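**Q** Residue numbers (my numbering), protein chains in the order written: chain A, 1 to 131; chain B, 1 to 363.
Hints were generated in silico from the structure; no laboratory data involved.
Here the structure is a predicted model, which is why all the values come from computation and not from measurement.
Please note: incorrect hints may appear among the correct ones.
Below, a sample of chain B positions facing chain A; criterion: calculated Cβ distance under 8 Å [what the hints assert, rightly or not]:
id, residue
1, 32
2, 33
3, 34
4, 215
5, 222
6, 286
7, 290
8, 291
9, 294
10, 314
Which chain B residues stay away from chain A? Per the calculated CB distances, all over 10 Å, these [claimed, not checked]:
id, residue
11, 14
12, 90
13, 181
14, 272
15, 276
16, 329
17, 360
Where is the CB? At the ideal position from N, CA and C, for every residue including glycine.
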Amino acid sequence: MSELPGDLLYTTEHEWLRREDDGSITIGVTDHAQAALGDFVYVELPEMGQEVDSGGDMAVVESVKAASDVYAPVDGTVVAINESLADDPEVINADPYGDGWIVKLQPSGEIDEGALLTPDAYQSLLDEEEA
Amino acid sequence: MGKKTPKHHKHVEAGARIVDFGGWDMPLHYGSQKEEHHAVRTHAGVFDVSHMTIVDLKGEQVREFLRHLLANDVAKLKESGKALYTCMLNEGGGVIDDLIVYFMNDSWFRLVVNAATRDKDLAWIRKNAEAFDVDVNERAELAMVAVQGPKARELAAPCIDAEWRQSALDLRPFHGMEAGDMFIARTGYTGEDGWEIVMPAAQAPAIWDRLIAAGIAPCGLAARDTLRLEAAMNLYGSDMDETTSPLEAGLGWTIAWEPDDRDFIGRGPLENMRADSSRRRFVGLMLEDKGVLRNHQRIVVEGIGKGEITSGGFSPTIGRSIALARIPAGDYDRAQVDVRGKLLNVRVVKTPFVRNGQVQIEV
Chain A
1 MSELPGDLLY TTEHEWLRRE DDGSITIGVT DHAQAALGDF VYVELPEMGQ EVDSGGDMAV
61 VESVKAASDV YAPVDGTVVA INESLADDPE VINADPYGDG WIVKLQPSGE IDEGALLTPD
121 AYQSLLDEEE A
Chain B
1 MGKKTPKHHK HVEAGARIVD FGGWDMPLHY GSQKEEHHAV RTHAGVFDVS HMTIVDLKGE
61 QVREFLRHLL ANDVAKLKES GKALYTCMLN EGGGVIDDLI VYFMNDSWFR LVVNAATRDK
121 DLAWIRKNAE AFDVDVNERA ELAMVAVQGP KARELAAPCI DAEWRQSALD LRPFHGMEAG
181 DMFIARTGYT GEDGWEIVMP AAQAPAIWDR LIAAGIAPCG LAARDTLRLE AAMNLYGSDM
241 DETTSPLEAG LGWTIAWEPD DRDFIGRGPL ENMRADSSRR RFVGLMLEDK GVLRNHQRIV
301 VEGIGKGEIT SGGFSPTIGR SIALARIPAG DYDRAQVDVR GKLLNVRVVK TPFVRNGQVQ
361 IEV
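Working from the sequences, and respecting the hints, build out all of it.
**A** Below is the structure:
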């Protein structure tokens, strides 16, 4: 059973996002994703200030097993990247919702929460994938 | 749902992540692929390899048949239990499969072939055996485990019947022996010492439990792949297939050219390729930049041409990415690899990358 915090929003691509008080959003991959991909060995981060489109790839996480794109869940600008992942990508495995965060975006418009998943909806997605 | 090995329920109990491999439901890992990898390099790990296909060939003409069927020469095998690694080629010199052949006695040889190629292998063997006095008998009722690592034989020895234990421990590399209804060989696919143990399927779950209780880590196919990549051991379907000659897959050493009148399948085309100085090289690569090399990535050798990674990944032992690759002929040791549109620098290195727990290349 993977961990699934109740205060986050999720995507069908197994990413999570947290709305911060300053209007930015923090993005990472879920506990389910890190368990499925296994030990991370490399993370390719975007440039600071890079503009991203919703659904476009903005980072790559590579485990021993495979490379996997990290998609932007909203349109926006990269305002922070987790540089510690360059030397220590396994932090994502150890703490996917905390120190293993990947990118912080400043959304360029309103966030369409309807396009994102609530914790319950994401849990249902996981249940379906398991079945 | 795929075929299940006799130990399948043991893997599920142990929390294994199960994947399809050549039609079999096999454990990919039991938690951490990297920890399993390190367990084999530093201590001991056990793999369920019951999906591998065991074929016994018996008959008066079995040696003669195999000298025709296989690119390596079983005439080299004179001692009971001695093993030989070889390719089985098609008429064009392409690789149908790579396999290990054991000499049991003058009228009995045992082949261990890949799971994913089982059907075509058996069809090819049976078709070519028609002209010989040889019976082809698949031993689907047998299960197999590989115990690998510096401590593997010592820890696994108590699972061998006392009557055979010392002889098993005395086996030299690439030799096997019958031990009651088991067959034990000092072989493997990891670059470490160890045994591969064949046994009746009914015994397999109990033996598995005893090996785990002895402190041997259960390991999945994911660790098996990174271990064999570090050991620069080829994977069929990835590093070579029916369109590839062993000469372009780093397997020239497995072809027995002498005696030159031995008529093995594929010999003619292979002789021509052997004389061709423009044939591609099969090499080891180490990534000097950050990132991970993956299968099918394109290699660019400036001024010379292009190549392809046949097996790429991250080496847990070295802490860098490594690969096996087919590259254009020429004398050079630097190249670049196209990773998502960026050209990263690689160095051509002598393989294996890792052997018996030790890194063999300059990092």
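**Q** Enumerate the violated hints, using their earlier numbering and listing them in ascending order.
**A** Failing hints, ascending: 4 and 6.
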